[in-house]
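For chain S, the structure is supplied; the task is to place chains V, U and H on it using the hints.
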Amino acid sequence: MAFIDRIKEIMSSSGIEAEVSEGKGFIKVKVPLEQWEEAAKALASNGFDHVKTVTIVDYKARGVFEVAYHVSSFLDTGLAKYIIELSTEIPRDNPVVKSLVGIWPSAEFLERESFEFFGVVFEGHPDLRPILLLDEVVAKHPLRKDFVVKEEGIFR
Amino acid sequence: MSQKEGKAYVGNLDVSARKAQDLLLNKAKLGKLVDWATAFSLWPVHLTTSCCGCEFAATWSPRFDAERYGALPWIASRQTNFMIIEGTVTKKMAKAVKVTWEQMPYPKFAIAMGACALDGGIFYNSYNIVRPWQIIPIDVFIPGCPPRPEAVARAIIELQKMIRTKGLASQWIIKGYREEALKYYTGGEG
Amino acid sequence: MTGIIDFIIKLIIWPPLFQLVLLPGLVTALVVVIFIIWFERKTAARVQMRIGPYHISPRLGGFLQLIADLTRYAFQEIIVPRTVDRAVFIGAPLTALVLSVVPVVAMPMTDIPRYFPIPMDYSLIISMGLTTLSPIFIVAAAWASNNKFALIGGMREAFVITAYELIFIISGLSAGLAVLSYNIVDIVEAQAPFYKWILFTNPIAALAMYASILMSTSGFPFEIPEAENEIVAGAFTEYSGLMYGVNMGSAYIKRFVYTLLFSLLFLGGWAPYTPQPGFIAGYLIPAVIVVVKATIVMATISFLRAVYGRLRIDQALDGAWRIFIPIALAGLLLALLEAYMGVYA
Amino acid sequence: MSASPALKDEIKLPGMDLKKIGKDLYEVFIGPQHPGSGHMRIIIRVDGDVIVEADPDLGYVHRTMEKLAEGREFIKVIPLMERMAILDACNITLPYVEAVEKLMDIEPPPRAKYLRVLLCEINRIASHLYGMGIFGVFLGHSTMYMWPFGDREVFVELAEKLTGARLTHTYAVPGGVRRDIPQGFREMAEKAARYMEKKLEDYKRIFLDNPAIQKRLVDVGVISKNLAAKLGIVGPNLRASGIRYDVRIIEPYEAYDEIDFEVPIYEEGDAYARAWIRVMEIKQSLNIIRQVLEKMPQGDPLHEKFWAKAPKLYKTVYETTGRAKLIPLYANLKVPAGRAIARAEAGRGEVIYVVESENKTKPYRVRVVSPSFRNAIVFKYIVPGHRIADLPAIYGSIDYFPPEADR
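So the sequences go chain by chain: S, V, U and H.
To convert, note that position 17 of the first sequence is 16 in numbering that gives the first Met the number 0; the numbers rise steadily by one, no gaps.
To convert, note that position 57 of the second sequence is 56 in numbering that gives the first Met the number 0; the numbers rise steadily by one, no gaps.
To convert, note that position 196 of the third sequence is 195 in numbering that gives the first Met the number 0; the numbers rise steadily by one, no gaps.
To convert, note that position 115 of the fourth sequence is 114 in numbering that gives the first Met the number 0; the numbers rise steadily by one, no gaps.
Be aware that a few hints might be false.
Lysine-lysine pairs mimicking DSS-like chemistry, simulated, CA-CA at most 25 Å apart [stated by the list, open to error]: (1) H/203 - U/41; (2) S/59 - H/333; (3) H/333 - S/144; (4) V/94 - H/379; (5) H/359 - S/149; (6) H/224 - S/27; (7) S/23 - H/359; (8) V/94 - U/41; (9) U/147 - H/379; (10) H/361 - S/23; (11) H/333 - S/149; (12) H/333 - S/23; (13) V/90 - S/149; (14) U/41 - H/198; (15) S/23 - H/304; (16) V/160 - S/139; (17) S/59 - H/359; (18) U/147 - V/97; (19) S/80 - H/214; (20) S/27 - H/359; (21) S/40 - H/229; (22) H/229 - S/144; (23) S/139 - V/94; (24) H/379 - S/97; (25) S/97 - H/229; (26) H/229 - S/80; (27) V/90 - H/379; (28) V/90 - S/144; (29) H/224 - S/40; (30) H/311 - S/59; (31) H/361 - S/139; (32) S/29 - H/304; (33) S/27 - H/379; (34) H/361 - S/149.
Because the hints were derived from the structure by calculation, they are not lab data.
Okay, chain S solo, but in the shape it has when bound (with noise of 0.2 Å):
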């Protein structure tokens, strides 16, 4: 059985509603906002146990932010050359998630990092600060696509 298959299988029989498919170094998991914290179990259960990245893109045209958890075992030699991309889109206006630190602990700092630079509010979250940036810049969430820095060209 391929390694997809038994993502998807694991997500269906936990009765989530996930687009599984194959990307360039990762198994994307897309998965609706309401089902995001079940999902995350089901994989956790399935010896997920470490979140590698939280990644949040930008996509200002179509006003949504894309939440990205890339996770993938330690511990199971099985699943570490793996990495699966659980994502799901949230609304740019109202950019709340569910926080999966209760999940996945290693994901404390990765998330503080992600609501500094986008602002995006991760509910549940036990210490939720900035960590890198001074309040100054945070209030200006640099990250996000409408924040502009000179950009250079070719030739400087």
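Just chains V, U and H now, with coordinates in the frame of chain S:
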């Protein structure tokens, strides 16, 4: 510090120390000695601001051994007289740089290391950096990204020459201030 | 006029003052400290494949480095922060400096009574007692600094004092016990032949005393009150300029005084030499011999810097109370045995 | 602690607001100007000598690389990301290059793969030596600072010979590497490997077998296997906790699947095991360097897609001197749309890049999570319960490098 405060207990240490220094430097012409001593005893404070710290560390490593010039990286700001800004200074770090600089006793000198400390370098359009010359007076700039350890050693030698030829240390002690540094105490960003 | 000059000369060579200020006292201590710090930096550099201080005086191998450092310190701004307790902040290091050199007045450098600083029969006990005075003022300076790192450093200093003093005194007393005298002159004279140095007859006590010197003067691996990576500069964090120089000076002078006592008690003092009448043959030469021996002991302490890391405070205290105090007591027992068997009779 | 209540009210300096943090506790700020921390701050709350709570305060070196990458061409992102950990430059940028290659659907020629592995291992040794030096000085062992730093110069010199730069190599570019191996490199590398093996024995004698150091490190900062997985720490720290996780064997990239090497594992999970694992990894890296030089295939160092378009002068220079310059084609490299993820094992652990492209010359989003940032969580959960003096020992043992964490 007001002059009255100290007298209550032990006499005014600041004023008596200044008088003694004045006597020694002006009457006894010890300025040359002080400049010589300061030039060969530039102790950089342990404040690594950015990634040029790797080359800073390499400068004091056995291969380049900047301790030959009498420069010994020292731990606490109160006992040092020299600061090397290693590369980019972020907004958060700028406060630490300023506080550390103010903690150091005069005469004190600064070297800015790396392209980032000159004008931002590769991070010139970043939203989170400041130029170190906006917050403290810099004596010598070292270009390069990162500068080689030889360049850092060269800068130290250059600073030693500056101190000895221009009498920076003794002038500072006689006057009690330094013109180049004045604006950073009044209008500088911090 | 001549009367005054005579008086001044007499005052200078008046043994207590001469000892306190000139020969094993402040001036010699300063020279030895300058040498020892230079030696420390150079040996560490040699072990670490480096050169160390050099370009300041290439012909002397950078020997002037310490003079440059001291001059620089002397002319730097002295910062007295507003939040400190001013009187103690300024007074404590100076008192510590003076008190750290005081024990030498009880240490005879020769066996000719004319040159004794203060003739007494219990010079060992008096000099060891005097060494315990200065650390208290370091704790006071730390407290007065109103700085958390200084406070932690001061607390560590206090812990270490309580631990090492017992070892120091027990092992020092066992040297006297073997000879059945608490007069340093008797102890030194008993060690006249080379093989009778207490270092050889009672190495256990010597080891305990060496360890206590390491602990008391922040030598590695017991460099705990000034552990720079944990608590910046320990008790001296807030001191700048000359005040810091005073602090550093008193720390090294303390080490010098301890090693003087060590060389008198365990290394035979002026041993191969027998003092002859006259100032030079009767005082200067034996004193210089003792100072040289002390400097060699200091150099070994400096060398340990290149070999050891530092221990944790609880480990050092644990070692002191559980290992070195039994060792010191064993040394005492051995000294008792020697006294009973009449080794030095 | 302070002089008098009246004085306390009178002085109002910034950062001096007094707040009550609990009975018998006091707060100590370790850093950023503190010899026991690099460019970061750890706020610790201390009860007597025991740390009750630790709160890492990062971001003192945050230079906004992810944002700046969005405004630069794909090729210019490499030197930008390099500044994250300039002592580990090839390792830290390799996954980015791989991700771009995945998006472009090209694979570097075998010789380039071997050359990348070569520089990666040289970097890994230099990075580990740096970490060991910092570790040494944190324990007050100045010799252990100087020796690894002196020996690190050997490998910095090797990298300089190979790439032309001491630290910032920008060696791996999409499609291959920038230069071929220069003449006389093999002898130099062999000599360096022999020297390093000898020096590792010296490190063991003066540092690892030193009773004072053992006392400081054994059973300090213990991270159990499960806790390590939970906290998601990476790299040598993870392997010191008994987890066999190394990207080089889990998902072999470049030429690692053709090379025979071991990954050292320690079960103890304490600071002493973390010190040992670096020494053992240096040994393995020396082994890899020897194998790479032996097995290196012939061929071009650059993918033919780029190599074919290179100007003639470049080819002649390459054929005569073995040096290839960066082809101008890279300046407006267009990368097909999509998202790619790549990871690699840097000196401090797994580094992972998420690169999203929009079929333009500039990336839409570059997300990088560096090993040090993932290790920073250790300060919050492992440090409490230890003494103040253990903080430098733990800090040094995780080999935390702030510019890498803050990006």
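So, going through the hints one by one against the coordinates:
no.	hint	verdict
1	H/203 - U/41	24 Å, holds
2	S/59 - H/333	22 Å, holds
3	H/333 - S/144	21 Å, holds
4	V/94 - H/379	24 Å, holds
5	H/359 - S/149	18 Å, holds
6	H/224 - S/27	28 Å, violated
7	S/23 - H/359	18 Å, holds
8	V/94 - U/41	37 Å, violated
9	U/147 - H/379	21 Å, holds
10	H/361 - S/23	19 Å, holds
11	H/333 - S/149	21 Å, holds
12	H/333 - S/23	18 Å, holds
13	V/90 - S/149	18 Å, holds
14	U/41 - H/198	22 Å, holds
15	S/23 - H/304	21 Å, holds
16	V/160 - S/139	46 Å, violated
17	S/59 - H/359	17 Å, holds
18	U/147 - V/97	21 Å, holds
19	S/80 - H/214	38 Å, violated
20	S/27 - H/359	23 Å, holds
21	S/40 - H/229	14 Å, holds
22	H/229 - S/144	33 Å, violated
23	S/139 - V/94	20 Å, holds
24	H/379 - S/97	23 Å, holds
25	S/97 - H/229	19 Å, holds
26	H/229 - S/80	18 Å, holds
27	V/90 - H/379	24 Å, holds
28	V/90 - S/144	22 Å, holds
29	H/224 - S/40	21 Å, holds
30	H/311 - S/59	44 Å, violated
31	H/361 - S/139	23 Å, holds
32	S/29 - H/304	35 Å, violated
33	S/27 - H/379	31 Å, violated
34	H/361 - S/149	14 Å, holds
When held up to the earlier numbered hints, the structure conflicts with 6, 8, 16, 19, 22, 30, 32, 33 and fits the remainder.
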